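Note that this note's numbering gives residue 190 to position 190 of the sequence shown, counting from 1, and the numbers run on in steps of one.
In short, the hints are calculated from the structure, not lab data. Some hints could be false.
Stated by the list, open to error - Now the in silico label distances, taken between C-beta atoms and shown as ranges:
| no. | residue 1 | residue 2 | range |
| --- | --- | --- | --- |
| 1 | G196 | P96 | 40 to 46 Å |
| 2 | R105 | G67 | 21 to 27 Å |
| 3 | R191 | R55 | 45 to 51 Å |
| 4 | W148 | R194 | 17 to 23 Å |
| 5 | G102 | A30 | 19 to 25 Å |
| 6 | D151 | Q90 | 15 to 21 Å |
| 7 | E228 | D181 | 30 to 36 Å |
| 8 | E228 | D39 | 38 to 44 Å |
| 9 | G119 | P207 | 32 to 38 Å |
Predicted model only: the values in this text are computed from it and were never measured. Note that beta-carbon positions come from the ideal geometry of N, C-alpha and C, so glycine has one too.
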Amino acid sequence: MACVQRPGVRSDGLVVRNLDSAALQLQAAALYRRVFAYDEPDVGLSPPLLATLLRNGGSAIGITGPGDELLAFAYGLPASDDTGVYHYSQAAVVAPSSQGLGLGRLLKHAQADAVRAAGMRFMRWSYDPLLSRNAHFNLSVLGAVGRWYVDDYFFRQGSDRVIVEWDLTAAEAPATPPQPDRVPAPASWGRAWREGDRRWLPIPADPAAATPALRSAVRAGFHEFLGEGLAAVACVRCTGDTSAYLFAEHRSAA
1 MACVQRPGVR SDGLVVRNLD SAALQLQAAA LYRRVFAYDE PDVGLSPPLL ATLLRNGGSA
61 IGITGPGDEL LAFAYGLPAS DDTGVYHYSQ AAVVAPSSQG LGLGRLLKHA QADAVRAAGM
121 RFMRWSYDPL LSRNAHFNLS VLGAVGRWYV DDYFFRQGSD RVIVEWDLTA AEAPATPPQP
181 DRVPAPASWG RAWREGDRRW LPIPADPAAA TPALRSAVRA GFHEFLGEGL AAVACVRCTG
241 DTSAYLFAEH RSAA
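Go ahead and model the full structure; you've got the sequences and the hints to work with.
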């Protein structure tokens, strides 16, 4: 069954809709290249791929503004492993001029609605573990949990990714995630510590501060805590320059 989103017009004039026209698909390809700053001609998003996803159980959902200008979009595909079937969201893209307006959250929930309507319970996607804003959005805002860590996800060095799972039947993330008992300083980035049954892993709030050594330390911290059967359940801002992952036990609802 296709993950189809019924068009919906909001009071602010935004429209949530499928990318089911050549014009919208071309806009998506252009927005993709602009947001990710891809200059190479052989790197980009294929408009026919978006059409194929819509025709074959995937998702290709966008948000348009006045004049049908595409402001944000997401796309994904059905997938499976030994745990069952899920929807893998490959990318969510928001125009620079529209960031910080809540479109990312609107987009992911629209995609989730389409996935639920197609009969699936779980969504997954990946992100760079040193992007604290993405981590906060995925874990602390949406309520997804980081269950897996894949070294060199894209088969190239420096492309480690956290794989999150979003249970579409679960309650929303708590409004105020817990904070660590101590305030981590930049000198503690990548140095994990334990507080009772919780585990914390501090990272820089600005990804530009990440070094190869820090990436290696974060990789080791994730492998240690996930190997204990824990999951990354939140990412909170501790100070102006430091965020921290919270790891704890987490089980999906039956």
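The hints, checked one at a time:
1. Range check, G196 to P96: Cβ separation about 41 Å, and the 40 to 46 Å hint holds.
2. Remark: the range hint 21 to 27 Å for R105 to G67 is upheld by a beta-carbon distance near 23 Å.
3. Judged by the Cβ atoms, the range 45 to 51 Å given for R191 and R55 holds: they are separated by roughly 49 Å.
4. In this structure, W148 and R194 meet the distance hint of 17 to 23 Å, their C-beta atoms being roughly 21 Å apart.
5. Between G102 and A30 the Cβ separation comes to about 23 Å, which falls inside the hinted range of 19 to 25 Å.
6. Our hint of 15 to 21 Å for D151 and Q90 holds, since their Cβ atoms are close to 20 Å apart.
7. The supplied range of 30 to 36 Å is broken by E228 and D181, whose beta-carbon atoms lie about 20 Å from each other.
8. Here the CB-CB span from E228 to D39 is close to 42 Å, well matched to the stated 38 to 44 Å.
9. The supplied range of 32 to 38 Å is met by G119 and P207, whose beta-carbon atoms lie about 37 Å from each other.
Consistency with the previously given hints fails for number 7 only.
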